[in-house]
Structure formats: C-alpha cells, structure tokens
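**Q** Got chain A sorted already, so can you dock chain B onto it with the hints?
Residue numbers (my numbering), protein chains in the order written: chain A, 371 to 569; chain B, 371 to 569.
The hints are simulated quantities; they were obtained by calculation from the structure and are not laboratory data. For clarity, every value in this text was computed on a predicted model and none was experimentally measured. One thing to keep in mind: the hints can contain errors.
Just so you know, same-sequence chains aren't split out, so a pair can sit in one copy or run between any two.
Computed list of lysine-lysine pairs in DSS-like fashion (alpha-carbon distance at most 27 angstroms, straight line) [to be verified]:
| # | residue 1 | residue 2 |
| --- | --- | --- |
| 1 | 376 | 427 |
| 2 | 535 | 564 |
| 3 | 567 | 437 |
| 4 | 446 | 376 |
| 5 | 535 | 394 |
| 6 | 451 | 394 |
| 7 | 405 | 535 |
| 8 | 405 | 564 |
Below, each chain spelled out in residue letters.
Protein chains: 2
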Amino acid sequence: MIKFPKPIQDLIDQFCKLPGIGPKTAERLVYFLLKQNKNEIDEFALSLNQINNSVVKCSICHNISEKDPCAICADKNRDHKLICIIAEPHDLAAVENTGEFKGVYHVLGGVLDPLSGMTPDRLKFDDLLAKLQKNKVAEIILAFNPDMEGEATMIYLNNLLKSFKVKITRLARGMPVGSDLEYTDEITLSSAIKNRKEM
Amino acid sequence: MIKFPKPIQDLIDQFCKLPGIGPKTAERLVYFLLKQNKNEIDEFALSLNQINNSVVKCSICHNISEKDPCAICADKNRDHKLICIIAEPHDLAAVENTGEFKGVYHVLGGVLDPLSGMTPDRLKFDDLLAKLQKNKVAEIILAFNPDMEGEATMIYLNNLLKSFKVKITRLARGMPVGSDLEYTDEITLSSAIKNRKEM
Chain A
371 MIKFPKPIQD
381 LIDQFCKLPG
391 IGPKTAERLV
401 YFLLKQNKNE
411 IDEFALSLNQ
421 INNSVVKCSI
431 CHNISEKDPC
441 AICADKNRDH
451 KLICIIAEPH
461 DLAAVENTGE
471 FKGVYHVLGG
481 VLDPLSGMTP
491 DRLKFDDLLA
501 KLQKNKVAEI
511 ILAFNPDMEG
521 EATMIYLNNL
531 LKSFKVKITR
541 LARGMPVGSD
551 LEYTDEITLS
561 SAIKNRKEM
Chain B
371 MIKFPKPIQD
381 LIDQFCKLPG
391 IGPKTAERLV
401 YFLLKQNKNE
411 IDEFALSLNQ
421 INNSVVKCSI
431 CHNISEKDPC
441 AICADKNRDH
451 KLICIIAEPH
461 DLAAVENTGE
471 FKGVYHVLGG
481 VLDPLSGMTP
491 DRLKFDDLLA
501 KLQKNKVAEI
511 ILAFNPDMEG
521 EATMIYLNNL
531 LKSFKVKITR
541 LARGMPVGSD
551 LEYTDEITLS
561 SAIKNRKEM
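For reference, chain A alone in the conformation it holds in the complex (with noise of 0.2 angstroms):
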C-alpha cells in the first residue's frame, strides 16, 4: 500500500487531522493542489502562517481578532449593558450577521460537556463572574445551539448568573424560515405554540 512521495503524504496527513476530511479527499486536495501555480500554493501557506502571527484573542470577550481588545469591545457605540454569551467565536459571526444585535459579546469558548472533558473550569465563566461584578450589566443574551450541551449550559449559566439580578433571556424556540409543519419536531413545534404571537 501507499507510495507517495514523503512530502505528499505529509500534507494528506495534514489535511486528514481537518474535521470531516479523509484520506481519499486529503489525497484530491493535495493532487489539486499539486497542479496549481507554485505561488498559489505559497499564498495558501502565507495565510496560514498569518492566522499564527496576527490573530489574537480579545482579552475582553475571549472572541478571536486581530486587535485586543476587539472591534467590537471597543466600540462605544454598542451597548456594554447587554452581553450575548456564546460558545465559539464562529456563533458570533452568525449573531453580528443577523445586524439585530448591538451589544456586545463573551465567547464561552466551548459548552458543558463532562463526557468529553468539558469542565466548567474549561470555560471562561470566572472571567464572566468578574466582568459582571466589575461593570452594571442590565440583560445576559443566552445564545447556545438548542441541544443537550448546549441546554445544560444554559441551565448552569441562569444558576450561576441568578445572584446578580440580571435580566437572563434566551434564543426563541420556535419554526424556522421554510420549515414545514408536518416535519417539524414534537419539542420545536410544542415551543412554537407555547410561545405563539398575536399577528
């Protein structure tokens, strides 16, 4: 078996550690790569050196930018009374999009999941404690994936979080755009209605 030459296989081994690829993918990308341009290549390597040399992690937020603190932690115009608490920088990217949203965030940096390791001293709930001990907080946006982990962190956050007498809201439950009643799920569709809205 096998007979690539070293230097191919090291980076079909690089892009096999990428989630999602495989080894008979990996060997296509890197075959495709193979017969681009030697700059392109160089570019490509260039960008990943860069994401090592400029990216940074806002010391605020713990979201990933460029400056520290970020755009978003330092502009005065948002409103620092409002914090939407997330798990990855990548949930942050979906919530910025949706332009409805002019606080600012806490990247939790994962969600509870002790199976797999996932500690509450893995998440960056001290540093969420200081910040709301240190500065007035008027709501806490609860924004997690509506799944176990993401529930039990909900749940763990309103119990944390219930000293401090902060409005704690979360994402609405409810049908998506282009869903289809009759294949909506039991739980959604219970939601939907419990939470129905006069038109």
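**A** Then chain B, alone, in the frame of chain A:
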C-alpha cells in the same frame, strides 16, 4: 454580512479554492485550526512549502516525485517494455496499490475533452511517441476511467499508436467486486457477458 478579521477571511478564501470546499466548510476548517496549537498550524504551512520545494515532475514518465527520474523509472527491476498510460498522477497510486503491475508508467496529464479546452496538444502525446521511437516497447496498457473522456482518449491513443505495431490493451470492463446484478447498468453488464471467463 461578514465580520471576520482579514487573516481569517484570507485563509477561508484559500480553503474555498479547493475542490468540494464551500464557504461554510472553509469557515469550519479555519475555526478548527484556530483552536489548535500554533505548532500544528506551522507544520501545516511547512508541509505546503515542502511540496513546493521538494516535489518535481519525473522527466521520463511525468509522475510527481521527489527525484528526477522517479523511483519507478529508475528501478531496473521493473519491466521497461511494459508501459501503462494513465491520465493523472493519482491514477498511478491506484494502479501501484494493486501490486499487479510491474512495468513503468506514462502520465498523460489529463484526458481529451475539447469542450473544456483539453486538446491533444495539452497532453503528453509527443513525449509518448518519442519514447516509443527510442525504446523497444512490448505492450501498452491504457488505464483510463471508463467514461466518455477516458474512452475518447483511449480511441485517440489506439489510432495514434497503431503504426508502432505494439500490443495495446485496456483495463477489463465488468462487474466490480461487491456489486449487485440487479443494479448494474446495461453497458457494464453486457461487457461482463462478452468478456465472461471459464471457471
């Protein structure tokens, strides 16, 4: 839309250039990398640089290799009178992995597909003819995908090589291992019937 810091967006764009990777997958891959150790990202960048610096094309068979000539062309134990013509370097790996073939290769660099601009002048036909004029070749195996472009390339090669009085063979068509009679297409099944073998 879009709130990614420039280095992240650049890397997303680089991943998007790869086949089968869309913006959402690229985003996921970049966020995955951002969660890794900086060394891991460095290694990835290094691997990319490596294939730029240490991978060459074998001047004899046009395969991708660390040396020129490649290990297969330089191997005196292989039968240099038996040439397997393939479209791309990754087809070589597939044939090699069977362990059935002990000859040498000639990588055409693609298949004929005039509508996509793959005309005969862009493939390594001249080189193949020069090789046949210079060396004694006993048999040529055409190992192309049995699709329209592959078949067209094999017909073209067959016409081109007729004058050399060399034995030209092609890979057998038939039912792949583990397939189902019921779902086999007619052309494959009729090939399998025509080429039936005594037990």
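**Q** Checking residue 567 and residue 437: alpha-carbon separation at most 27 angstroms within a copy, between copies, both or neither?
**A** Cα proximity of residue 567 and residue 437: none, with 42 angstroms in one copy and 70 angstroms across.
**Q** With identical chains, the pair residue 376 and residue 427 could be close in the same copy or across copies; at 27 angstroms between alpha carbons, which is it: within, between, both, or neither?
**A** between (35 angstroms within a copy, 14 angstroms between copies)
**Q** Given a CA cutoff of 27 angstroms, do residue 535 and residue 394 count as a within-copy pair, a between-copy pair, both, or neither?
**A** neither (54 angstroms within a copy, 38 angstroms between copies)
**Q** As a check of your reading, is residue 535 near residue 564 (CA-CA no more than 27 angstroms) within one copy, between copies, both or neither?
**A** Only inside one copy: residue 535 and residue 564 sit 26 angstroms apart there, 82 angstroms across copies, limit 27 angstroms.
**Q** Indicate which option fits the pair residue 451, residue 394 if close means a Cα-Cα distance not exceeding 27 angstroms: within, between, both or neither.
**A** Classified as neither: same-chain Cα gap 49 angstroms, cross-chain 31 angstroms, threshold 27 angstroms.
**Q** I want to check one pair: residue 405 and residue 535. Are their C-alpha atoms no more than 27 angstroms apart within a copy, between two copies, both, or neither?
**A** neither (61 angstroms within a copy, 34 angstroms between copies)
**Q** Between copies, within a copy, both or neither: which fits residue 405 and residue 564 at Cα up to 27 angstroms?
**A** neither (57 angstroms within a copy, 38 angstroms between copies)
**Q** How do residue 446 and residue 376 come out at 27 angstroms by Cα distance, when the copy is not named: within, between, both, or neither?
**A** between (52 angstroms within a copy, 22 angstroms between copies)
Violation of the numbered hints given earlier is confined to hints 3, 5, 6, 7, 8; the remaining hints are satisfied by the structure.
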